[in-house]
Amino acid sequence: MAARSPKTAKPEAPVEEYDFDAWTPEDEEKAIAAIAPEVKYIIVERTFVGRFFDGTIVKASLALSLNDVDALQAEHENEIDQFRALIKVVGGEENVSALSRQDISDVAQMATKYFDVLQRIQGANRPES
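Read in full-length UniProt numbering, the sequence shown has 61 at position 61, and its numbers run on one by one without any break.
No lab work stands behind these hints, which were simulated from the structure alone.
Quantities reported herein were computed from a predicted structural model and do not represent experimental measurements.
Treat the hints with care, since some could be wrong.
[Claimed, not checked] If you anchor each label on the Cβ, the simulated ranges turn out as follows:
no.: 1; residue 1: K40; residue 2: K88; range: 40 to 50 Å
no.: 2; residue 1: A22; residue 2: L62; range: 21 to 31 Å
no.: 3; residue 1: D27; residue 2: D68; range: 42 to 52 Å
no.: 4; residue 1: A124; residue 2: E79; range: 13 to 23 Å
no.: 5; residue 1: S105; residue 2: E77; range: 11 to 21 Å
no.: 6; residue 1: Q119; residue 2: W23; range: 33 to 43 Å
no.: 7; residue 1: A71; residue 2: A22; range: 46 to 56 Å
no.: 8; residue 1: S105; residue 2: T47; range: 45 to 55 Å
no.: 9; residue 1: E79; residue 2: E29; range: 18 to 28 Å
Note that beta-carbon positions come from the ideal geometry of N, C-alpha and C, so glycine has one too.
Turn these sequences into a full structure, and let the hints steer you where they fit.
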């Protein structure tokens, strides 16, 4: 896997250098692809283990009770805050600190992957006994 350079803000160009009229959907696709989040995950037992492009690891439980889900939804409206609360349970404040240092787009992508996995688990067929 190729190393990815850290994200840094480029200095703002003078306004006259922006060519809004020449901007195309293809330009937009290329720009988005260049900055798209690179997050990966694995599942270890009943834990979602995510890795950000900089190597930061976060963990969140995949074993949630109805009470856990109700509390998360009551306390946090969006998936990012719910994900942050979940990783605090598994990895404590250090886990939350590691998550908080990441770009919001990366965190949103990780949260989406977590909730997608959770949804797939809920819909998975159980083995017959």
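How the hints compare with the structure:
1. K40 with K88: 40 to 50 Å: violated (21 Å)
2. A22 with L62: 21 to 31 Å: For L62 against A22, whose Cβ atoms are near 47 Å apart, the range 21 to 31 Å is violated.
3. D27 with D68: 42 to 52 Å: Taking Cβ atoms as reference, D27 and D68 lie about 44 Å apart, which means the hint holds.
4. A124 with E79: 13 to 23 Å: Given a distance of about 21 Å, which is inside 13 to 23 Å, the answer is holds.
5. S105 with E77: 11 to 21 Å: For E77 against S105, whose Cβ atoms are near 19 Å apart, the range 11 to 21 Å holds.
6. Q119 with W23: 33 to 43 Å: holds (36 Å)
7. A71 with A22: 46 to 56 Å: Given about 51 Å between the Cβ atoms, the range holds.
8. S105 with T47: 45 to 55 Å: Cβ of S105 to Cβ of T47: about 24 Å, so the range 45 to 55 Å is violated.
9. E79 with E29: 18 to 28 Å: holds (25 Å)
Violation of the numbered hints given earlier is confined to hints 1, 2, 8; the remaining hints are satisfied by the structure.
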